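*Asks:* Listed below, chain by chain, are the residues.
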Amino acid sequence: MGARILVVDDELQIRRLLRVTLQAHGFTLLESATGSDGVVCVGMERPDLVILDLGLPDLDGTEVLRQIREWSQVPVIVLSVRDNEAETVAVLDSGADDYITKPFGMGELLARIRVALRHAAHAPCEPVVVVGDVAIDLARRIVEKNGQTIHLTPIEYDLLKVMAVNAGRVLTHHQLVKQVWGDQNFEAAAHYLRVYIGHLRKKVENDPTRPTLIITEPGIGYRLLDFS
Amino acid sequence: MRITRLWVPYLATTLAIGLLTTLLLRVGPSFQLVNIALLFLLPVLFSAARWGFGPSIYAAALSVAAFDYFFVPPFFSFSVSDLRYLISFAVFLSVAILTATLALRLRMQVDQSRQREADTAALYDLGRQMTARGDLPGILEAIVTHVYGTLRFPVWIVLPADGDRMTVSAKAGQHPQDDGVDEAVCRWVYLHGDMAGHGTGQFAQTKQIYVPLKTEDVVRGVLVLGMRDHVNVRFTERLRLIEAIAGLSAVSIARIQLEKEAQMARLSAESELLRNALLDSISHELRTPLAGIIGSVTGMIENAVALTEADRNDLLFTIRDSAMRMNRLVTNLLGMVRLESGMLRLHRRVCDVSDMLGVAFRQLQDTLQHRVVDVSLQKDLPPLQVDDVLIEQVLVNVLSNAVKYSSAGGRIEIRAAERDGVALLTVADEGIGLLEGDEEKIFDKFYRAEAAQKIPGTGLGLAICRGIVEAHGGVITAERRSGQGVMIVIRMPIDGGEASNGGQDTGCRR
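For the protein sequence lines, the chains are A and B, in the order given. Numbering-wise, the first sequence is residues 1 to 228 according to my numbering. Numbering-wise, the second sequence is residues 1 to 510 according to my numbering.
Hints listed in this document are in silico derivations from the structure and should not be mistaken for laboratory results. Any given hint could turn out to be false.
Unchecked claim - Capping the alpha-carbon separation at 25 Å, the derived lysine to any residue pairs in SDA-like fashion look like this:
(1) K102(A) x E418(B)
(2) K102(A) x L316(B)
(3) K203(A) x L290(B)
(4) K379(B) x I155(A)
(5) K454(B) x I319(B)
(6) K102(A) x Q184(A)
(7) K202(A) x M487(B)
(8) K441(B) x M487(B)
To be verified - Derived, one-sided and incomplete: chain A residues facing chain B with beta-carbon distance under 8 Å:
(9) G26
(10) E85
(11) Q184
(12) A188
(13) G198
(14) H199
(15) K203
None of the values given here were measured: they were computed from a predicted structure. The C-beta atom is built at its ideal place from N, Cα and C for all residues, glycine as well.
Please model the complete structure; the sequences and the hints are all you need to start from.
*Replies:* Structure below.
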């Protein structure tokens, strides 16, 4: 039996769309039309994943997430809209796993769901993460592209490693800065982050102006694409 | 001062008669009595012509007395033994009265024509001043200063404000002890279009006169003149001038008000045009993809069995493409609304041009498939302080235009470089290009170039681009390429353009 997914969205159309398509992919669907109902449902039904709309009529997304996170680590994917990047970042920084912008393609949503479920299962990370033609050997700290070793500086490697461990998930600027530079002054470190992403792209991407591995999520952060 | 001046004619008459008497006493004997009598008429005539009744009658009396006393025997006595001298006194008196009357009438005529000339000059001057002013407050100010300068009455101009209130819009010459304007009288005059106040049939007890500022049948406002006790001119004497000033003022106020109304009408006609363009464009741009979606879906529901796998896929792709087109339209419409309503807030952070281009390419990867995209960025291009989400929208709009207006296999050249603190980004295509003179117009809302009419679009994309770029303190222009196609040029200040609009965050969005 497939994973149980709770959809918290006040729009009947969206719930119906997700029910039909996700059930066709073998998932079991639970539905809530309000934030408070969604929080209760997480407690009662113990879903494996929650899809949470940020535009709920009763509670705002951050509040629903906070209430869920008080006692549950269930992966949460938020449904956002364009021009709402500030709230999306806030929700991601306070523990949502990923986001997707409405309107979205089903393939994209399925990929996010799979990645979130995989990370939630705490499957021991593969010792070698392969994205596209790049292989990152986490045990030996070696990165290869098409079999050729790429030389990375320690910070470049740390940055790539954080992204590789979270392959497929979006990481906000804050999350990346915190994991690579620690609790440094964020403004300064955000500047480094941009510079090092540029360096990394030059080394791992075929065409750094049209990146296919390290993707910018405008206004949010970066994502290492997951090809599995 | 006025008292001393009143004495002057009498004193002068006395002196003149004294002088004449002395003179005649010296040469007297050689003159006959009738000559002397005639000479004594001189001061009477003079004072009558110069000073009017009082002094002339006084002169007549004094002359007869002097004549009788000094020259009629018995000398140095007032014995009026001869009745003849009573007759000469009567003659003197009638000469005095007649001359004084004539002189007075003449002087009044002169005074009147002088006053009339001054009034005409004043009106002419007022008229000139008013045509020189183009704004209502300026004109009102000119009127009240002028009226006060000419008539020395305190003056108010009362205009109807919103609702049925009447408000004083300009005033001049008020003293603290003056009565204020009575709003009820103003309203009465405004409603009836008749004069009221002092010396008229209505509200005659007030110390002011209320004159309607009337053009044809429309009352534009009320001119109020206050009376002052020590000014010894009455409204009634200057009524013609007051009416003329009121007429002139009314015409000027009407001119400004009509101008304003015409401008309002023009504006509302313009916004009406814009609204129609918006409705046309949006209804077309929304209905076309909706027709695609509804048609495809109903086709699939109703003919499910008859459709082959390939047909079904065709319809599904139609639905997807139509929906995406609607999504683009909605994004642009929202962007426009946000720009126009001033709700746009820039969340600036340090961004690489290459990064933003990458995002745009990714969004357009399907669209760009059939074009050759040639990117060349300056090696050490400094990062920009911009709202990356918005600049990406600009890039997406510009790039999708480059695709939309060119044919498959066409080349799109993207260049970026820095010069003197300004980042220069150009996107050049080999598409249908622009007519001369369209370079600016394509950034207008809803403008579609002649040649672009066949290709679907709203005419919003570039307008939004311009709005976003300018909000960043940058400039976006279009150039006709020498061969074929268009080059869009974006110039952005590297340091973030401090002169740009407010509402910007520094640092990263959070």
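*Asks:* So, for every hint listed, does it hold in this structure?
*Replies:* Verification of the supplied hints:
no.	hint	result
1	K102(A) x E418(B)	violated, 36 Å
2	K102(A) x L316(B)	holds, 19 Å
3	K203(A) x L290(B)	violated, 45 Å
4	K379(B) x I155(A)	holds, 22 Å
5	K454(B) x I319(B)	holds, 21 Å
6	K102(A) x Q184(A)	violated, 34 Å
7	K202(A) x M487(B)	violated, 28 Å
8	K441(B) x M487(B)	holds, 15 Å
9	G26	violated, 22 Å
10	E85	holds, 6 Å
11	Q184	violated, 13 Å
12	A188	violated, 10 Å
13	G198	holds, 6 Å
14	H199	violated, 11 Å
15	K203	violated, 14 Å
In the structure shown, a violation is registered for the earlier hints numbered 1, 3, 6, 7, 9, 11, 12, 14 and 15, in ascending order.
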